[in-house]
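Chemist: Line order of the protein sequences matches chains A and B.
Residue 198 in my numbering sits at position 198 of the first sequence; the count goes up by one each step and never skips.
Residue 153 in my numbering sits at position 153 of the second sequence; the count goes up by one each step and never skips.
Careful, some of the hints might be misleading.
Calculated Cβ distances over 10 Å to all of chain A for the following chain B residues [to be verified]:
(1) A20
(2) E41
(3) D44
(4) G70
(5) N85
(6) L95
(7) A98
(8) S99
(9) E143
(10) R160
(11) R168
(12) Q175
(13) W179
(14) Q190
(15) T192
Straight-line alpha carbon distances no greater than 20 Å define the calculated SDA-like cross-link-like pairs of lysine to any residue that follow [claimed, not checked]:
(16) A:K78 / B:T192
(17) B:K54 / A:K78
(18) B:K54 / B:P134
(19) B:K54 / A:D90
(20) A:K235 / B:K54
(21) A:K235 / B:L136
(22) B:K54 / A:F92
(23) A:K235 / B:H140
(24) A:K73 / B:R183
No wet-lab data here; the hints were simulated from the structure.
Positions of the beta carbon are idealized from the N, C-alpha and C atoms, including for glycine.
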Amino acid sequence: MESWLSWSSLFWAATFATVAGLSTVIIFMHALAKSQNSQVPRWRSPNTPIHLLVVLGSGGHTAEMFSMLRRMKLDPSKFTHRTYVVSSGDNFSATKAVEFETTDLSKKLSTDEKPASTGSYSIVTVPRARRVHQSFLTAPFSTIQSFWSCLLVLRGLHPDQQSLKSSPLRSPYPDIILTNGPATAVCVILAARLLRLWFSLCSVFSIGRGAHPSAPASSDFQMRTIFVESWARVKTLSLSGKLLLPLADRFLVQWPGLEGKKAWPSMRETEYVGPLVD
Amino acid sequence: MPSPPPPGAAVKVCFITVGATASFHLLLQSVLEDEFLLALERLDFTHLLVQYGKDGQSLWEAFQSRCPPGSAGRHGLEIDGFDFNQAGLDAEMRLTRASPSEGQTGGLIISHAGSGSILGALRLGVPLVVVPNPTLKDNHQEELAQELQTQGYVVASDYRGIASALDRAEALRTQMLTWPPVRGVSQRRQRTLGDVMSDELGFLD
Numbered sequence: 001m002e003s004w005l006s007w008s009s010l011f012w013a014a015t016f017a018t019v020a021g022l023s024t025v026i027i028f029m030h031a032l033a034k035s036q037n038s039q040v041p042r043w044r045s046p047n048t049p050i051h052l053l054v055v056l057g058s059g060g061h062t063a064e065m066f067s068m069l070r071r072m073k074l075d076p077s078k079f080t081h082r083t084y085v086v087s088s089g090d091n092f093s094a095t096k097a098v099e100f101e102t103t104d105l106s107k108k109l110s111t112d113e114k115p116a117s118t119g120s121y122s123i124v125t126v127p128r129a130r131r132v133h134q135s136f137l138t139a140p141f142s143t144i145q146s147f148w149s150c151l152l153v154l155r156g157l158h159p160d161q162q163s164l165k166s167s168p169l170r171s172p173y174p175d176i177i178l179t180n181g182p183a184t185a186v187c188v189i190l191a192a193r194l195l196r197l198w199f200s201l202c203s204v205f206s207i208g209r210g211a212h213p214s215a216p217a218s219s220d221f222q223m224r225t226i227f228v229e230s231w232a233r234v235k236t237l238s239l240s241g242k243l244l245l246p247l248a249d250r251f252l253v254q255w256p257g258l259e260g261k262k263a264w265p266s267m268r269e270t271e272y273v274g275p276l277v278d
Numbered sequence: 001m002p003s004p005p006p007p008g009a010a011v012k013v014c015f016i017t018v019g020a021t022a023s024f025h026l027l028l029q030s031v032l033e034d035e036f037l038l039a040l041e042r043l044d045f046t047h048l049l050v051q052y053g054k055d056g057q058s059l060w061e062a063f064q065s066r067c068p069p070g071s072a073g074r075h076g077l078e079i080d081g082f083d084f085n086q087a088g089l090d091a092e093m094r095l096t097r098a099s100p101s102e103g104q105t106g107g108l109i110i111s112h113a114g115s116g117s118i119l120g121a122l123r124l125g126v127p128l129v130v131v132p133n134p135t136l137k138d139n140h141q142e143e144l145a146q147e148l149q150t151q152g153y154v155v156a157s158d159y160r161g162i163a164s165a166l167d168r169a170e171a172l173r174t175q176m177l178t179w180p181p182v183r184g185v186s187q188r189r190q191r192t193l194g195d196v197m198s199d200e201l202g203f204l205d
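For reference, chain A alone in the conformation it holds in the complex (with noise of 0.2 Å):
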């Protein structure tokens, strides 16, 4: 009777764990995909601040960044903070940035017939996720390290940050979110999903009510999240682009042979827009 007793307590434990364990994916699965599916709505006004938020790589991802971001034509004036998220001792990602603020944008004011301002910008360092040579062992860590500092960027707490406290912006966190690409940017999407989540859940209980008077209707259309895969993918994605693949908001492909791949079957497909790198 005893033993009859413990493993049909066993067999319940284990189905309980597999059902709740399943639909705990399904429900994720389901929310994502509704997430991704959800359009913006046209609720904010023309001249409202908009805080941009680019996270850089390594050499050709940032290249590919700063030409992205040139042909684009940057409007300072609308994108008035904009935040770089560089990994620690990449310094050329840092280099290009600050060239970018003070050649490119600055050379955009000076041509324009009423000047206008350029706005604030940050640099903000975070922790590599593994660095080269790293022991498997100690990444885990360094990883949690690396994303707790994406979290801290985005909520505007992150030491390197100072210049958004005196920006005209109302809200810490980035407006929109933009990347191709390297390994920081799969922590700052995935936080970034994280936060919006949390929100998503305060507003279903009602908890901290009114923290929030500017945001929009739902916490689901801030912090958008936009990917952009490398020009150097032709056929293949990226890792970060099959990590990325159900998280970011947009997905956006630069040859033929990646347009409409998706994560799962309900996916938003990722878009074909030509090159977009001058």
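Put chain B on the given structure of chain A with help from the hints.
Modeler: Showing chain B alone in chain A's frame:
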């Protein structure tokens, strides 16, 4: 840096970059071989500038001692090299552009298949030979080089066929497409990065 040209003679520069991050000894060896230097001489090149990378130093020095400046092994070419340039390679790439005021006739660029170097050369409108590095593990460079060749922007070449790629690059010079591509009528519906960002910000019309 190539020295100022003697009056009346046009400078024609071939610039080679092997990249800064990964070493590419196979390309470096190929371009320092006699066959390649002969091909350059036949196509009226006057200067060869090589960015040989951090660990290309020993190969470069071996060439210097094998063919010291002024020796017949150089085939009359002015050959220069440097390891890499922290500030980027734009200045070196511009040396290959046709510029009658500076006595430069249009040269060409031979590059590893890194996207930064490819884009730099495409922007200049100088014929470009792209050589994918076969020693890199995840070799999506080959796909990029082939696709760009199919579309008529570059010449893709194996590091062994680099001398014959020079002729194909000379042929490309007369029919090069401009970069960035002009958006045709069929691409008008494609959204630009600015459009996508506006979508996601949800601006009121």
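Chemist: Run every hint past the structure and note whether it holds.
Modeler: Hint check results:
1. A20: At about 7 Å from chain A, B:A20 fails to clear the 10 Å cut-off, so the statement is violated.
2. E41: With a cut-off of 10 Å, B:E41 remains clear of chain A, as the shortest Cβ separation is near 34 Å.
3. D44: Given that every Cβ of chain A is farther than 10 Å from that of B:D44, nearest at about 31 Å, it holds.
4. G70: holds (37 Å)
5. N85: Non-interface label on B:N85 holds, nearest chain A Cβ at 12 Å vs cutoff 10 Å.
6. L95: Label holds. Min Cβ-Cβ 20 Å, cutoff 10 Å.
7. A98: Its Cβ never comes within 10 Å of chain A, the nearest being 21 Å, so this holds.
8. S99: B:S99 is indeed farther than 10 Å from all Cβ atoms of chain A, at 21 Å.
9. E143: violated (4 Å)
10. R160: holds (23 Å)
11. R168: holds (21 Å)
12. Q175: holds (20 Å)
13. W179: violated (8 Å)
14. Q190: violated (5 Å)
15. T192: Given a closest Cβ separation of 6 Å, the condition is violated.
16. A:K78 / B:T192: holds (17 Å)
17. B:K54 / A:K78: Violated - the C-alpha atoms of A:K78 and B:K54 are around 42 Å apart, more than 20 Å.
18. B:K54 / B:P134: holds (19 Å)
19. B:K54 / A:D90: Roughly 18 Å between the alpha carbons, so the hint for B:K54 and A:D90 holds.
20. A:K235 / B:K54: The hint is violated at about 31 Å.
21. A:K235 / B:L136: Between A:K235 and B:L136 the Cα gap is close to 17 Å, so the pair holds against 20 Å.
22. B:K54 / A:F92: holds (16 Å)
23. A:K235 / B:H140: holds (8 Å)
24. A:K73 / B:R183: holds (16 Å)
This entry does not satisfy hints 1, 9, 13, 14, 15, 17 and 20, going by the numbered hints stated previously.
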